[in-house]
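Q: Listed below, chain by chain, are the residues.
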Amino acid sequence: MTKTLFKGFKIFDGKNFVNDDCVLVENGKITKLSTGLEDSGAEVVDGGGKLLTPGFIDLHAHFRDPGLEWNEDITSGARAAAAGGFTTVVAMPNTKPAISDAALVGYVLSKGAAAGGARVLPAGCVSKERKGVEMAELLKMAEAGAVFFTDDGAPIATSQLMRLALLYTGKDQPRIMEHPEEISLFQGGQVHEGRVSALSGLKGIPAASEEIDVARGIALARETKGRIHFTHISSAGALTFIRNAKKEGLDVTCDTTFHHLTLNENAVINSGYNSRYKVNPPLRSKEDQDALWAGLQDGTIDAIVTDHAPWHMDEKDEPFQEAPFGIASLDCAAAVLMDFRNKQYPEVPLELILRKMTSAPAALLPEKWQGLGVIAEGAAADLTVIDEERTRIVDCNSWKSKARCCPWEGIALTSWPVATYLEGKKIWEDEEEI
Amino acid sequence: MSAMPNEVAQLTWKHRNVIDLDNWTREELYFCLDQARHMENVMDRPIKKVPVLRGKMCVNLFFENSTRTRVSFELAEKMLSADVVNWSVSGSSTAKGETMRDTAWTLEAMGADIVVMRHGAVGAPQYLASKLKHGIVLNAGDGTHAHPTQALLDLYTAWKHLGTLEGKKIAIVGDVLHSRVARSDVLGFGTMGCDVVLSGPPTMMPREIEALGVRYEKDPKIAVKDADMVYLLRIQRERQQDGLFPSVDEYHRWWGADSELLTYAKPGALVMHPGPINRGVEIASEIADGHQSVILEQVRSGVAIRMALLYLCGGGAR
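Chains as they are written, first to last, in our numbering: chain E, 1 to 434; chain D, 1001 to 1318.
Here chain D stands alone, though its shape is the one from the complex (with noise of 0.2 Å):
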C-alpha cells in the first residue's frame, strides 16, 4: 500500500453528501480511502466498535431490494455505534402514493441525520439532498446513474494490490449501459488517472461512450490487453428478454471471462466484479475462484468504505 502524500493527509473534508463521484477530486479519493484504512483496522479488532456515531440516527432507506449493500451499511453504520432504522419500501414513492418530497419532510421531522438511499429512479438521492435541511444523503445506488460506494469501495480494493492508481490499465466488460456501477467506477478510476477501457456488446453501450472519457473495444480480447485490472459487470438475464443480446451462451463465448481472457491481460493483473455473480454468464467459476479474484475482498473493502464515508459526511469531520 502506498504512503499518503502529506498535502492530502492534511486534506479538508467538504463534502456534505456522497451523490457520484463526478465532484470528487484525486486528493479527496486518496483521503478517503486512506480513512478506509483505518476503518479496515476496527473491523479486525475484537470488539469491532468506535463511538464516531454515537447517538446518530441513520436511515437506510431502500426503494429497492439489495440485502448485499444495506447489510454492508448496517455493518458499518453499527461499527460507529450509530442508531439504526431500516425503512424499505417496495416499488417507488410514486406507487405508494406519498411524493418523494413528502418523504424527506417526513425523515426530517422524524430526526434522521444520515440518510442512505437506493432507489429505482436515477437523481432520486440528489432529488432527495436537496429537500433535506439538516440531515445528509449517501447514495447507495439510483437507478442506473451512480453507485458511489461501490466504485469507492472498489478504488480501495485495486489501491490495497496495485498502489497508486495512475497509469493503471482497467477494463471494464459487461452491460454498461445499464450500470450505474461502471458509471461511478469510470468516473473514480478516470479522476486517479487510470487508462480505463470498457468492452462489451454494442446493444449494451451508451452511444456517445467519449463523453465518459474512456474507450470503447468491442473485442474483449484487445480491452483487457495488459490490463492491470480486469472488472466484469452483472449481465442480468431480462436484458436478453429486451432484445439486447440473442443468449446467455452466446454472451459468454464472446464477453464472458475465462482463463483464456485473463492470458491476454498483466500476469497477476486482478480480477473484480460488483456481486452477486453470475457463474458462467460474465465470469467462469475458475476466475471467479481463482487466486486473481478479488471479490470477496471487494466485499470486506465496502464496510470500510461506507465507514469511512459516514465518518467524514456524518461524524463530524466535516
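So that you can see chain E by itself, here it is in the shape it has in the complex (with noise of 0.2 Å):
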C-alpha cells in the first residue's frame, strides 16, 4: 500500500479554492481532504502554498497515431499532455486509418496506457472511415472505451447522418461532438474574414461558416431530443446560438480553445503571416474573442480545450498559405490561459477557468469518468501542482511534444504546473524547479 501525503497546499477542488490544505492519497485514490494532516507512514510532498488542482482535462486533441507519427504519437502525445498539467486528453480520430471501429479504439487506449503520461481517451468516428456516409459501429465503439463519437477536422457531412447519429446514441451513449463549419463557406479558407483576409488578401472564412453548422446542429438536437457538443467554437454569432439553445433546455454543451481565448486575429497580422498563427477554425476578432470570455462567465462555454494539432517543423514551417492548419499547446496551453488571464482578464475568477479545464469537461465524458476533475475522498488522485510565482520560456525544443508548431515560442510566461501526478503516480516534474 502506498501512501503519499500532499500538505501545505492551496487546494482548488475542481469547483471551488476549499480551505483545507492536505489531501492523502492512498493506492491511487484520494482518502482525506482536510487540514493539517500528518501520516507518519507516507511519502509527503510539500506544496509550500503552491496550487494543487485536480489534473487538468482536455477534450479535444489530436496524436497524429496511427499513420502520421512523424508529427506526434500516442506516447508523444500523452507525455506532453503530462508535462502540460493535462492527466486526461481525448484522443481524436482523424487518424489514418481513422478510429471507426472498436479495434482501433482499443489500439489508442493500450497505446496511451502504456505511454507513462496522461490517460488517453478515444474518441471514435460518427461514421464509417470517417467517410461521413454511413454510421459507424457507435455502440461497439463505446463499449470499448470511446468517449465521444465525432468526425472532427470535418462537419458531420450531411444533416441526416448527424440526425441518425443523435436518435441512435441518445442520451445514453457517449456525445455526439460536432466539428462546426459549413464547408461550401471554408474552401480555400485561410483565416478569418475580416480585418486579417482584407489586409492580406489571404481567403476568408466568414464565422457564418461556424454559425450555420451550429444552427443545424441544434435544430437537430431539438428534433431528436439527442445531445450535441460543439467543439472549438470561435465566433460570437454561434454563442449567441448556443446560449439561446441552452435557455431553451436543450441538451447542447461546447468547449472553445486556449488560442482563441489567447488571440485573434491581430496577432496573424503583426506576425507578419507566419505560419506559426495558421489554424483552423481562424483566430477571429477581438470582438468574437471577448464574446468567448463572456461566454465562459455566464456558462454557455462549458470547457476549455487544446485542440493540440501537432505538425514537426517540416510540415508546418512553410509560407502561411502553404502551411497546414494546426496549433500544438499541450505542453504550455494551461500556462499561456492562466498567463493571459492573469495580465488581461484579472477581474475573471481563477476558480472559473481552473473549473472548465477539470470538473466540467468531466462531466462531458461517459459515466464511468465523471469522477474525474475533482478532489473528493473518494476520486482518482489525478493531481496538477501549479507555482503562480514560476516564470519560465516557452521553448518547444524542450517540449516533450513533437510538435513545434506554437506561436507562443519564446515568450515568458508566469504561473506554470511544475508536476502531475495520475492516480497518484507522478508523471511529470519541473526538473528546474527542484
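Quick caveat, the hints were computed from the structure, so don't treat them as lab data. All figures in this text were calculated on a predicted structure; none of them were measured in a lab. There could be a bad hint or two in this list.
[Claimed, not checked] Below, simulated DMTMM-like cross-link-like pairs (lysine to aspartate or glutamate); rule was C-alpha separation at most 20 Å, straight line:
id, chain 1, residue 1, chain 2, residue 2
1, D, K1133, E, D317
2, E, K203, D, D1242
3, E, K203, D, E1238
4, D, K1131, E, E409
5, D, K1131, E, D314
6, E, K425, E, E377
7, E, K286, D, E1210
8, E, K203, D, D1228
9, D, K1131, E, E377
10, E, K203, D, E1064
11, E, K203, D, E1210
12, D, K1131, E, D317
Using the hints, build the complex out of the two chains.
A: Pasting the structure below:
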C-alpha cells in the first residue's frame, strides 16, 4: 500500500478554492481532504503554498497516431499532456486510418496506457472510415471505451447522418462532438474573414461558416431530443445560438480553445503572416475573443480544450498559405491561459478558468469518468501542482511533444504546472523547479 | 513634375527588402520616385547601361508565369550591369518536393545577392527573406497579397502627370478581393494622402474594406466622380466560374470602363491598368487606346522603378 500526503497547498477542489490544505492519497485514490494532516507512514509532498488542482482534462487533442507519427504519436502526446498539467486527454479519431471501429479504439487505449503520460481516452468517428456516409459501429466503440463520437477535422457530412447519430446515441451513449463548419464557406479559406483577410488577400473563412453548422446541430438536437457538443467554438454568433439553445433547455454544450481565448486575428497580421498562427477555425476578431470570455463567464462555454494539432516543423515551416492548419499547445496551454487571464482578464475568477479545465469537461464524459476532475474523498488522485510564481520561457525544443508549431515560442509566461500525478503516481515534474 | 522637398533629397535609405509598402513613409515613396526619374534618363541614352550593380548576381525566381514582370525586372537588372539568372518553377515549391527553406538555403549557397520573387502564395517573399542571411528579396507579387513594384510604378506614372499626389482622388474599379495590385496601390496612394475609392461587384470586395482605410462605392459612376485617375483592375475569367459574377457582359455593362463612365471623372483624368488588359471586359478599347490612357507609359515606368529599387536596396545606397 502506497501513501502520499500532499500538505501545505492552496487547494482547488474542481469547483472552488477550499480551506483544507492537505490531501492524503492511498493506492491511487484520494482518501482524505483536510487541514493539518499528519501521517508518519506516508511520503510527504510539501506544497509551500503552491496550488493543487485536479489534473486538467482536455476533451480535444490530435495525436496523429496511427498514420502520421513523425508529427506526434500517442506516447509523445500523452507525455506532452502530462508536462502541461493534463491528466486526461481525449484523442481525436481523424488518424490514418481513422478510428472508426472497436479494434482501433482498443489500439489507442492500450498504447495510451503504456505511454507513461496522461490518461488517453479515444474518440471514435461518427461515420465508417470517417467518410461521412454510413454510421460507424458506435455501440461497439462505446463498449470498447470511446468517450465521444466525432468526424472532427470535418463536420458531420450530411444533416441526415447527424440526425441519425443523435437519435441512435440518445442520452445513454457518448456525446456527439461536432466540428462546426459549413464546408462551402470554407473552400480554400486561410484566415478569418474580416480585417486580416482584407489586409492580406488571404481567403477568408466567415464566422457564418461556424454559425450555420451550429444552427443545424441545434435544430437536430431539438428534433431528436438528442445531445450535441460543439467543439472549438470561435465566434460570437455561434455562442448566441448556443446560449439560446441552453435557455430553451436543449442538451447542447460547447468548448472553446486556449488559443481562441488568448489570440485574435491581429496576431496573424502582426506576425507578418507567420504560419504558426494558422489554425482552423481561424483566429477571429477581438470582438469574437471578448465574446468567448463572456461566454465562459455566463456558462455558455462548458470547457476549454487545446485542439492540440501537432505538426513537425518540416510540415509547418512554410509560407502561410502553404502550411497546414494547427497549433500545438499541450506542453504550455494551461500556462498560456493562466498568464493571459492574470494580465488581461484579472476580473475573471481563477476558479472559473480552472473549473472549465477540470470538473466541467469531466461532466461531459461518459458516466464511468464523471468522477474525474475533482479533489474529493474517493476520487482518483489525478492532481496537478501549479506554481503561480514560476516564470518560464516557452521553449518548444524542450517539449515532450514532437510538434514545434506554437505561437508562444520564446514568450515568458508566469504560472506554470510544476508536477502532475495520475492516480497518485507522478507522471511529470519540472526538473528545473527542484 | 514637382520638385523634391529638401528633406526628401537627403533621406537615408533603410529598406533592405521590398515586401510591401505598409511600412513605407511618404518621404520614402517620393525618394524612390525621384530615383526612378534619374533611372528613366538612363533608358533614353544611346548606351543604356550604368555600372551600379556590376558584379552582383540577381536571381529572378518565378513560381508563377509572368513574362511582363520578369522581363521588366530583367531589363532593369541588365541596364544596371547585374548578372542575371532566371529561375522559373512551375507550381509551388511544395509541388516540386522541396521546401521553401531548402530553396532559400540553395540560393544563399549559390551566392545570390538579389532575389526577385513571384509566388502564388501569400507571404512567400517575406518567408524567403526571413531565411536569407545575405541576399535581399524584392517581391514581384505574392498571391493575392502585394505587388509593391506595380504600386510604385503606378505612383510614379501618376506623379509625373498629376504632380504632388496629396489630395488627389483615385478610383480603383474591379476585383479588389483577389488583387495584389489593388492592395498595394491602396497602401501607396493612401500614404501619399490621396482620397482612394474602390468600386466593383460586392462579391469581389473584401468584407471589412474599412480595414484598408478606403471607401467603397458599388456604383462606379459615383466612385469615379471628379476622380483625377481611374484605375481598372484585370478581371480573371475563372472568377466567373467561381460564381462571383454571372457573365462578362454583365460585368462590362456595370463596371467596365467606357467613354461614358469617364465623363463622370475630372476632365483629362488619367486611365491606368496594370496589364494585360481584357478589351471589352474591364476596359473598352476606346478608353484603353484613348488620349487619357497612360497604360503603356506605366510599362515604361515599371523598368525605371525597378532600376530605382535595385539600386536603393541592392546597390549600396543603403
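Q: Starting from the hint list further up, note which numbers the structure goes against and sort them upward.
A: Violated hints: 8, 9; rest satisfied.
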